[in-house]
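Construct the entire structure; sequences and hints are all you get.
The lines below spell out each chain.
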Amino acid sequence: MTTTDPMPTSSTAAPAAVAALPAAAVPGASPPRERPARRGRRRAERAPEEQRGAVSALEWRRTSVRFGLRGAHLLLLALLIVWGIGPLVLLVKFAVTPTQDILRTPLAWFPNGFAWENLTEAWTDVRISHYFLNSVLLALGAWVCQIVVATTGGYVLSVLRPRYAKALNWAVLATLFIPAVVLLVPLYLTILRPPVGPSLLNSYWAVWLPAGASAFNVVLVARFFDSLPREVFEAARVDGAGSFRLFWSIVLPMSKPILGVVSVFAVIASWKDFLWPLLVLPNPDLQPLSVRLPALQATTDLGVLMAALAISTIIPVLVFLLAQRLFLRGAGLGGAVKG
Amino acid sequence: MRTGRTPWAMALTSAVAIASLAACSSDAGGEASGKQVLRVVSLLPGSEQAAFDAFDARVAAFEDANPDIDVQQEEYEWEATTFASQLAGGTLPDVFEIPLTDARTLIENGQLADLNDQFEQLDYAGEFNENLLEAGRGEDGHVYAIPAKSIYGVALHYNRALFEQAGLDPDQPPTTWEEVRAYAKQIKDATGVAGYGMMASGSTGGWQLTAATYSRGGVVQEADGESYESTIDNDATRAHLEMLRAMRWEDDSLLADSTLAWDTINQAFAAGQVAMYTNGSDVYNSLVETFGVTGEDYGLTAMPLEGEDAGALVGGTLAAVGAQADDATKEAAVKWIDFFYLQNLVEEEQAVENAKVRAENGQAVGTPVLPIFSREQYDEALGWVEEYINVPLDQMSGYTDVAFDQPVIGEPTRATQEIYALLSTPVQAVITDQGADIDELLQTADTQAQDLLDQE
Amino acid sequence: MRRRGLPRRQRTGGLSTFLFALPLLVVFGVFAWLPIGRSLIMSFQETNLLTTSWVGLDNFRAVFADPRLVTAIVNTGWFALLALVFGYPLPLVAAVLMSEVRRRKGLYSALAYLPVVVPPVVAVLLWRFFYDPRPEGVFNTLLGAVGIDPLPWLQSATWAMPSLVLEATWAAAGGTMIIYLAALTSVPPELYDAAEVDGASIWRKVWHVTLPQLRGVLLITFILQIIGTAQVFLEPYLFTNGGPADATLTVLLLIYRYAFGQSLGADYGQATALSLLLAAFLAVLSLIYFRLTRNWSAT
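Residue numbers (UniProt numbering), protein chains in the order written: chain R, 1 to 339; chain P, 1 to 456; chain S, 1 to 299.
In short, the hints are calculated from the structure, not lab data.
The structure displayed is predicted, hence computed values, not measured ones.
Hints are not guaranteed to be accurate.
In silico DSBU-like cross-links for lysine-lysine, where the CA-CA straight-line distance does not exceed 30 angstroms [stated by the list, open to error]:
| id | chain 1 | residue 1 | chain 2 | residue 2 |
| --- | --- | --- | --- | --- |
| 1 | P | K149 | P | K356 |
| 2 | R | K166 | R | K256 |
| 3 | S | K105 | R | K166 |
| 4 | P | K356 | P | K35 |
| 5 | R | K93 | S | K105 |
| 6 | P | K35 | P | K149 |
Here are the computed distance ranges between Cβ atoms for each label pair [stated by the list, open to error]:
| id | chain 1 | residue 1 | chain 2 | residue 2 | range |
| --- | --- | --- | --- | --- | --- |
| 7 | R | D226 | S | L219 | 33 to 41 angstroms |
| 8 | P | D437 | R | L74 | 30 to 38 angstroms |
| 9 | S | W207 | R | S129 | 48 to 56 angstroms |
| 10 | R | D125 | P | G141 | 20 to 28 angstroms |
| 11 | R | D226 | S | W207 | 54 to 62 angstroms |
| 12 | P | E127 | S | G37 | 53 to 61 angstroms |
By construction, the Cβ of each residue, glycine as well, lies at the ideal position given by its N, Cα and C atoms.
Here it is, written out as structure tokens:
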């Protein structure tokens, strides 16, 4: 249930994504290997009659069933609105409400007018813009790191297959079984005193690089590469393409769907991560929003804090609303991995 | 082995990546353009812009006086949770601040630099309050950490406006715990605002409970030759917990929040959500620095002292440098400690300059603290900056009248922060549980504290 | 001997292949394999990063002797149990009902999923305010509107944990529901057709067709949830910092305190020892999980 995730490495992405597995693990749910799940979904849209639920068309025509179900659905919708939007509406309201009103009458409708200055104060005085940028940088770097490691690694494991591929595969898979919590302390000490070079504490590499060590991503991408038609590779090789060209011009362009999934997970996980950046970025100037917001609550006026919270929420919510399908489809695409 | 062009391209890319990695991670510290870079702590994160302006002005003055030193500032708040690992990882600023009580262990662990040579160069090296200086000395008699910033006594802070609203005379603050309780109830009944607040989170609850214990004539540990005995389970601590519970559940005058820490209770007080609380006597500085408090409603008075051995808890801050610092850094560090923390206490020109800058930026000047040097020295320094003093001194007389004469007791010396953390549990319990078994809570904490003391 | 690839590539494949493997080797080597090995060693050591010594099983003994361990395990178990009670049936019922929605299904899923995209730290700070124990607090105002006395929420050893779980459920239920929804679309329609031939009612179809078809997913989300709740940190850390009086001290928070909660040097050895114990417990669960996914994908 709680996917609140203490995991420092980008196995951060794993729980959400691993959770997506069963959809395909269940008989009949897994899309045909060579066919990305997207097409499966389209098919579903085109022929809704194929996708019936427990209630048959005949039953739908019965008045009692129809009214019962419609009623239940309306109730569900109402509950979902309260559940999904209620707290966010309150947050937005607090963001522009004077502090005294938030404290005294949190649910009243602006008894003393608005406090638009909360927003500007949060953005400039509290420097939310600065921490916001930090969050973006962290997410960007973690994303690059994960994509690079996952695609090159997946390429080696699935396409190039050197003799040590099998051992490598096991070594990567094994880390899937190690809960991230075990790594918390030793990984922190590794950052503190890396095998080579100076301490990575207070450096973004301390967040980016461990994010790359996500077995989940590697496995996800490797399984996807497995499903690409070998004939295309062989043809390319016959045409004289080296492994670099094969990778860059053939494999990567064919992998957009899976890269999309990895990217979404990577960015979300980075945006949400709290414990790990808290540990390795003690310098407040470098901290992302997630770490900074809790520290700010003690020095910030409540109204301004609420504005800061609202600002931090708007971007992920907008991204979600715009790319809703990609998010919700994650389940289907995640199904590319099996055991 | 024959290789194509592309593998080399990749090798190059990897090499560049690794090189840039190394470059990026090594840009902390070191020397830039021949100048000695010195990283120092500035203010609490989230401080007001004016406070940073005042700090920047001081940095500029220091760099003018020491053109070979480049000062880089970092916001800093000492936190038990990150301090140890930051120190071990060498990522603290070059000059950092530590609680008085932690110096002994840090020195024993070899984690602080020996500043003795540089310290001896200060003309006022011999004038420190010897008891304080002792806290920063190692077993070899060398100075590793220098008393700086502030030495505070725990005192009672109150909101004069709320006193007036409740029909209390703000010039007659409470002098016994009984009065504190009665006043708190009167304030709550009259204004609806919590009359009293108590830190409870992390180690802060135990810190304030220890201060209250001292004020009622108890202590939480006693030295017995080489070993230490925990005395947490004592009547003074029990009496205070009983009072807190009564205030919470009978009078409903205690702020019902068991998550308050040093910063959040300051916030609540600054926002007028609590009328009285105990904290270091110098907290007014932070209230101005962080919340822009202006002071008309601020009142400060001494801790109520009851019983034979009662005293006010004193604590303080030392400035120190990490063990790995080289001589040049140490040299620059002590210059900064001298300039920023100490000169304005011992040297008129600097004192006036500092007070002027702070006053111009709306920061507090003249907040009562305890002397790092002698009492006379302290009074003299206060005289120098008289025209800049902007704190409401007449609203602080309840404290300043007795501050130098009241008995004071230092913090527990062994496992201080850990024992504070243990003591926070009973505080949280009485705030949140009407039926909390105080005897049992104290026994449990006492046993655990004894375990810690035995491990030392 | 190479299993695949074209002969001409075999000779040059070595270096370029290795270069492709390099990012994975470096990143996993330094940030996964090395720390894993290190944690095994560290659990038998005492270190303050300056000096290190072998202490045998002392760390494990210290962990077991710590009275907070029992508290932390009980609290974590309580959290897990409450999370099951609050958060397990809810998404299932919603998903089954939602799968019958004919129009605007996307709206339903989007609404349910919205809390999942709210940054967890924001959610906790917001809910912390909702849980204001004064009668004017957001939730207490709502309770007051239906005639219920104000609750102390986080300010009570009894209510603190349920409050944490309620927020955690809000933050995560949408994700679970989407998984159920995906699984529901894969229930073979023939099964319903067959049930209808036998004259089954809607309830019977749900009970005898839908739920049995979901048992795989249900079991898996069950285990995933246990794995997730066993590592819960953010809520107890930000809501209550383990309080009041250790009522929300969880295992991971205890590990955090061993490693990072002491100003005068951390107990890294003890922290690693407890991490390993927790890991062993989780590994068993993960193994079960992987066996299940394998079984279900095989059938």
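Each hint, compared with the structure:
no.: 1; hint: K149(P) with K356(P); verdict: 18 angstroms, holds
no.: 2; hint: K166(R) with K256(R); verdict: 26 angstroms, holds
no.: 3; hint: K105(S) with K166(R); verdict: 44 angstroms, violated
no.: 4; hint: K356(P) with K35(P); verdict: 29 angstroms, holds
no.: 5; hint: K93(R) with K105(S); verdict: 28 angstroms, holds
no.: 6; hint: K35(P) with K149(P); verdict: 26 angstroms, holds
no.: 7; hint: D226(R) with L219(S): 33 to 41 angstroms; verdict: 27 angstroms, violated
no.: 8; hint: D437(P) with L74(R): 30 to 38 angstroms; verdict: 51 angstroms, violated
no.: 9; hint: W207(S) with S129(R): 48 to 56 angstroms; verdict: 54 angstroms, holds
no.: 10; hint: D125(R) with G141(P): 20 to 28 angstroms; verdict: 48 angstroms, violated
no.: 11; hint: D226(R) with W207(S): 54 to 62 angstroms; verdict: 39 angstroms, violated
no.: 12; hint: E127(P) with G37(S): 53 to 61 angstroms; verdict: 54 angstroms, holds
In terms of the numbered hints stated before, the structure departs from hints 3, 7, 8, 10 and 11, listed from lowest to highest.
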